[in-house]
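A.B. asks: Protein chains in written order, with numbering that gives the first Met the number 0: chain A, 0 to 161; chain B, 0 to 514.
Keep in mind the hints are simulated off the structure, nothing from the lab.
So these bits of chain A aren't anywhere near chain B, every CB distance computed over 12 Å:
id, residue
1, L10
2, V49
3, V86
4, L101
5, T102
6, L108
Here chain A is said to cover these stretches of chain B; the calculated rule only asks that three of the stretch's residues, wherever they fall, bring their Cβ under 8 Å from a Cβ of chain A:
id, stretch
7, 367 to 375
8, 384 to 393
9, 464 to 478
In this text, all values refer to a predicted model and were calculated from it rather than measured experimentally.
We put the beta carbon where it would ideally sit given N, CA and C, even for glycine.
The lines below spell out each chain.
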Amino acid sequence: MSLAEILLFWLTEQPDPDGSRMSYSAWKAFIDSMSGWLLAAVLLGTATIVMAYAIHARSRRIHAPQDLFASFVPLNWLFLSVIPAIVLGYRYYSLFETTFPLTAFRPTLTALEVAAWTCLLTFVLSHLIVMLPGITPSRYRYRPLWFVMRHAGRPAARAQES
Amino acid sequence: MNTLICAGGSSLRVLKAIVNLCAIGLGPKEIRVLVVDPDGSSGNGAEVRQAMELYMRCRERLKDSLAADLSAFGTAFDLLESNDTKQGLKVWSVLDAKEKLADVINYDNLSASKTSPDVARLFFTEDELRMDLDKGFMGHTSVGAAVMSLVSLQVDRQPWRQLAEKIRQDVTQQNGSNVFIAGSVFGGTGASALHPLCRFLRTIPDANRERLRIGAAALVPYFSFNDSSGPRGAGPSKMAAQSQWFSLRTKAAVQFYEHLEQNGEVTFDSMFWIGDKSPIDVRYAEGGPGQQNPAHFVDLLAALACLEFFADPSAQGNHYGGPRQREHPELHDVNVVDWADIPYRRMGAVQVRRQCLSFMLAAAMHVGFIDPLIHDPRLAAMPFCVPWYLQRFARKGDHFSRKVNRDDVELLSTFLSYHHLHWWSQINEPDNVLLFNRTTFDASPDGGNVAVRLDRLRNLVGPDRPGERTLDGVDEFLTEMEHVPSRKSGKSGAGALLSLLLHAADGYVDSVYHM
Numbered sequence: 000m001s002l003a004e005i006l007l008f009w010l011t012e013q014p015d016p017d018g019s020r021m022s023y024s025a026w027k028a029f030i031d032s033m034s035g036w037l038l039a040a041v042l043l044g045t046a047t048i049v050m051a052y053a054i055h056a057r058s059r060r061i062h063a064p065q066d067l068f069a070s071f072v073p074l075n076w077l078f079l080s081v082i083p084a085i086v087l088g089y090r091y092y093s094l095f096e097t098t099f100p101l102t103a104f105r106p107t108l109t110a111l112e113v114a115a116w117t118c119l120l121t122f123v124l125s126h127l128i129v130m131l132p133g134i135t136p137s138r139y140r141y142r143p144l145w146f147v148m149r150h151a152g153r154p155a156a157r158a159q160e161s
Numbered sequence: 000m001n002t003l004i005c006a007g008g009s010s011l012r013v014l015k016a017i018v019n020l021c022a023i024g025l026g027p028k029e030i031r032v033l034v035v036d037p038d039g040s041s042g043n044g045a046e047v048r049q050a051m052e053l054y055m056r057c058r059e060r061l062k063d064s065l066a067a068d069l070s071a072f073g074t075a076f077d078l079l080e081s082n083d084t085k086q087g088l089k090v091w092s093v094l095d096a097k098e099k100l101a102d103v104i105n106y107d108n109l110s111a112s113k114t115s116p117d118v119a120r121l122f123f124t125e126d127e128l129r130m131d132l133d134k135g136f137m138g139h140t141s142v143g144a145a146v147m148s149l150v151s152l153q154v155d156r157q158p159w160r161q162l163a164e165k166i167r168q169d170v171t172q173q174n175g176s177n178v179f180i181a182g183s184v185f186g187g188t189g190a191s192a193l194h195p196l197c198r199f200l201r202t203i204p205d206a207n208r209e210r211l212r213i214g215a216a217a218l219v220p221y222f223s224f225n226d227s228s229g230p231r232g233a234g235p236s237k238m239a240a241q242s243q244w245f246s247l248r249t250k251a252a253v254q255f256y257e258h259l260e261q262n263g264e265v266t267f268d269s270m271f272w273i274g275d276k277s278p279i280d281v282r283y284a285e286g287g288p289g290q291q292n293p294a295h296f297v298d299l300l301a302a303l304a305c306l307e308f309f310a311d312p313s314a315q316g317n318h319y320g321g322p323r324q325r326e327h328p329e330l331h332d333v334n335v336v337d338w339a340d341i342p343y344r345r346m347g348a349v350q351v352r353r354q355c356l357s358f359m360l361a362a363a364m365h366v367g368f369i370d371p372l373i374h375d376p377r378l379a380a381m382p383f384c385v386p387w388y389l390q391r392f393a394r395k396g397d398h399f400s401r402k403v404n405r406d407d408v409e410l411l412s413t414f415l416s417y418h419h420l421h422w423w424s425q426i427n428e429p430d431n432v433l434l435f436n437r438t439t440f441d442a443s444p445d446g447g448n449v450a451v452r453l454d455r456l457r458n459l460v461g462p463d464r465p466g467e468r469t470l471d472g473v474d475e476f477l478t479e480m481e482h483v484p485s486r487k488s489g490k491s492g493a494g495a496l497l498s499l500l501l502h503a504a505d506g507y508v509d510s511v512y513h514m
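Pulled out of the complex, with its shape left as it was, chain A reads as follows (with noise of 0.2 Å):
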């Protein structure tokens, strides 16, 4: 199985099927250089945004009660997974469009799929590594599992005795 046939799987066969337009082997090669190039995005975008939170998280200070409520804001580098997306989804597209200039399709809505896909494989994989221990600093430990985490404290306010 290639690195396309896992990265792109929907993308397997050519949307143009007249082969004089946009053959197969050309179609393979198309797909095999992008789904290169979508590696290198989402690698380099999560490791910038690992790298930004994790400064960012550091450097945050706890000087007061109130300041263990904030809302965790180097979490927000998160949705830096977007450039890696429109980098690639442009990339998509000026390439559809010098490799396969005879063709009719339109490569519009397949550039935003591809550039939705990288967006959220950088984002979850991003996501992913800030909870491992160690990039997350200790007192911050389950800001990340916020949605799963969100939960724990409601038996704790009902548990309340007058």
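Following the hints, complete the assembly by docking chain B onto the known chain A.
C.D. replies: Below, chain B without anything else, positioned relative to chain A:
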């Protein structure tokens, strides 16, 4: 078994120091306490009673849930409770209310008993015979000594009967009985009580008398007052104590004990002479609730001497404590007191400093950060924002929103704020005391409770260094809390919280203070 007898007003401040040192974890397993003071209503007495009560309640609530390797609140105080007396710290007076010396010696009927009243007049003035003694002996040692010599008649009454029985039981054991008496030798009650009490205690054991070891902290002048420092219109009475006589009385006391020693009279096994040649000025009060002198480092030294005696009663003879004769560049010719002056040979000054500092850090963080955090409703709703809380408490269902935990935390906060930090803030107030950074203490406007300025966490010891002020110390401390192994975090509730704080403080001392 250890027994502490506090005689007079100064000794009450020593007792408060002992309570605080026992909270830190420097005390023995158990201490029996009895206070001898005719002035049962003094301000210092009320303060120490409250501190003792809070300590005992804290200990009761925390002892089973503290981590096993911690000794905080480790000393059990036996207040000689019995069914026929009231609860709490016992303040015993040889006199009944409104009794005067003339009543005690039956002065008005001496002629009828064929004893000439001139004998009494030889030792006491008419004013001394008729003075009110409900506020203590007010520096009249001769009156106090005469009254206190009657202590031997009390052996069948409480609390002495109970104490005597316990001492007799103690001396049947190999470890014997250690009795420590604290009192000043320059005032009234303490100076009058030290020797009569010692003489009385020596008569208690019927056998194994050598197993009864008696030590004493003889406090020599470390404070003074002038008459004008009292409240308006409340000038001293003719019989009131006057600080210009302190030195002379001290000299007489030293000569007295020297005389006893030279004549081979068995008195104290160990005697600790503690004072300060630069006495602080205190507000004048004749006695009663107004007599509430601030804590002083001499109290701390006397308390450590007491704990030293309990830890090693075999060290016999006279010991001397007080600030070393050395200069500090910023204070010119003033003798300074720093941690090197803390004489606790058994454990070592470095270890004493470390434990005091760790407890201070834990207290500072508890009062300044953890207590407000626990009262924040967001903690119950979003415990994942505070990993140590989620992991060690919330996941076990041990929420601090529970009333029992709230009450225990409140109790601990009150002790730490109103008694422990308040006490340290008073000790560190004079310029020559460089134990803790005096600028760290933040007293409430009424002066009752004291917090610590959290931006000084890195500079709690020694003189203030303004360049080191930062709240980042709080963040570092919280990181240490996360790193405390779960096996060291105690069982549950406030005990587990205190264990966590103390272990984190230990780690903080290692990483920031490099001790």
